[in-house]
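Asks: Each chain is listed here by its residues.
There are 2 protein chains.
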Amino acid sequence: MFLCDIGNTSYHFLKDEKDYKEDVNSFDPAQIKEKIYYICVNQKVKKILKDLSNWIDLSQKIYMSSYYETMGVDRIVASMAVTDGVIVDAGSAITVDVVKDGKFIGGFIYPGKNSMRKTYKDISSALNYEFNFDLDLKTLPKNSVDAISYGFLKTLQSEVLSHNMPIILTGGDAKEFKKIFVDAKVDENLIFSGMKKLTF
Amino acid sequence: MFLCDIGNTSYHFLKDEKDYKEDVNSFDPAQIKEKIYYICVNQKVKKILKDLSNWIDLSQKIYMSSYYETMGVDRIVASMAVTDGVIVDAGSAITVDVVKDGKFIGGFIYPGKNSMRKTYKDISSALNYEFNFDLDLKTLPKNSVDAISYGFLKTLQSEVLSHNMPIILTGGDAKEFKKIFVDAKVDENLIFSGMKKLTF
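Same order as they appear, the protein sequences are chains A and B.
The opening position of the first sequence corresponds to residue 1 in my numbering, with each subsequent residue numbered one higher.
The opening position of the second sequence corresponds to residue 1 in my numbering, with each subsequent residue numbered one higher.
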C-alpha cells in the first residue's frame, strides 16, 4: 500500500513500511503513476491532486460528525489510530487530541517550537533564546532562558499530564518533546496507521 | 509620596493613592519638579531620567542576590509586595512569580494575549481569532476558537493552579485573566506596594 500525508512543507510518503519526505514546492505528484491514498491540508496541493485519478483522497471517507468541521484532517486521521490516549503532534503547531474508547473527546492547539521562539523574541530582544528542553520542570526558574523554556514547556506538560492517559508523540519535533513527556510513546508514523483504517 | 513605574509603553504614576498613566513617547519627565521615586525597564527613558536629580531610581536599593541578574526590576518589585503567593502580571508578556515566606522562589515568562494571538494567526490564517476568555476550561474543545483559547489559557491555568497558593493578578490584562483565575485577588497597584517598601 502506498500512502501520503501532505502538510504545508512536505509530502510524507509510506511505501512498503518505509517512510520518506519530499519538499512540497519542488516535488511533482504527477510522477507517481501507481494508486496512492492521501490526506492533504495544503490547499495548493489539493487542487493539483484533484486532476490526478490515481491519487485517492481518504478525507472523503471520514465520518465527520464524530469530529468538528474546521478540524484538520491530519488531526482526525491521527485520532483514528488511537483507542485511548492523548496524541501530541508536535510540528509548526502542536495539536493535542484526546481519544477515549475509540471516541474523539476534544483537543486543543498550542504554538510549535519555532513559532513560540519567535513570539518571545518579538516581545523583547532580551528573550531571544533557543528553548532548553533539558530544563528541570520541577523547579521554578531563576534565569531568562529557563524562564521562557518553562513558560513554553511546563504549561503544556501540566495540561497534558492532567488527563492521566497514555501519551503518543508524533510530528517533526516528537523526539525533542519526548524529553518533557518521558513516558510517552513516540510514533512518527501514527498518521499512516489511521490512514490504513480508511483504505478498507 | 510620588511613585512611577515605567514600562515599554507608559509611565504609570501613583500620587496621593491615585494612579494614572502617560504615554512613554509623548510625556516629558522634566516637567515633574517634585521628588519622585521610580523603577524603569525602558532603556531609552532610563537614560533621560539619569540627568534629572529629583527622579530617584529605586532599583539601586534592591538586594539583587535574592533574585537573578536579568530579571526585570518590575517583577522583582512586585515580588516584594507579596509574602506568600503566585503573582501573575498580565501585560505584553505574562510573568508568573512565586514568593514563599517573603522569599522569591522563581518564576517564568509566558506570552501575553496580543503576542499569542499573533502567534496563532501567523501559524495559519485559519487560527486568526480573538481568544474566548469565557470558555469552559473543564471541557476539551471541539471548535477552532476554543481550541486556541484552551491552548493559550488552560495550559497557563494548569501550571499556575498547581502551586496551590493564593494568586495575585496585576498588569493591564488583570481583569480579563480574572475569568480564568476566579479565586485570584486583582491588585493593579501591586508594584507600588513593593516600591513603597524600598523608599524607607
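These are computed hints drawn from the structure, not numbers from a lab.
Remember, predicted model here, so these are calculated numbers, not experimental data.
A hint or two may mislead.
[Claimed, not checked] Rough simulated footprint, nothing fancy, chain B against chain A, three-plus residues with beta-carbon under 8 Å:
hint : region
1    : 48-61
2    : 118-130
3    : 136-146
4    : 154-164
From the three backbone atoms N, C-alpha and C, an ideal C-beta is built for every residue, glycine too.
Asks: Would you list, in rising numerical order, the hints stated earlier that this structure does not obey?
Replies: 1
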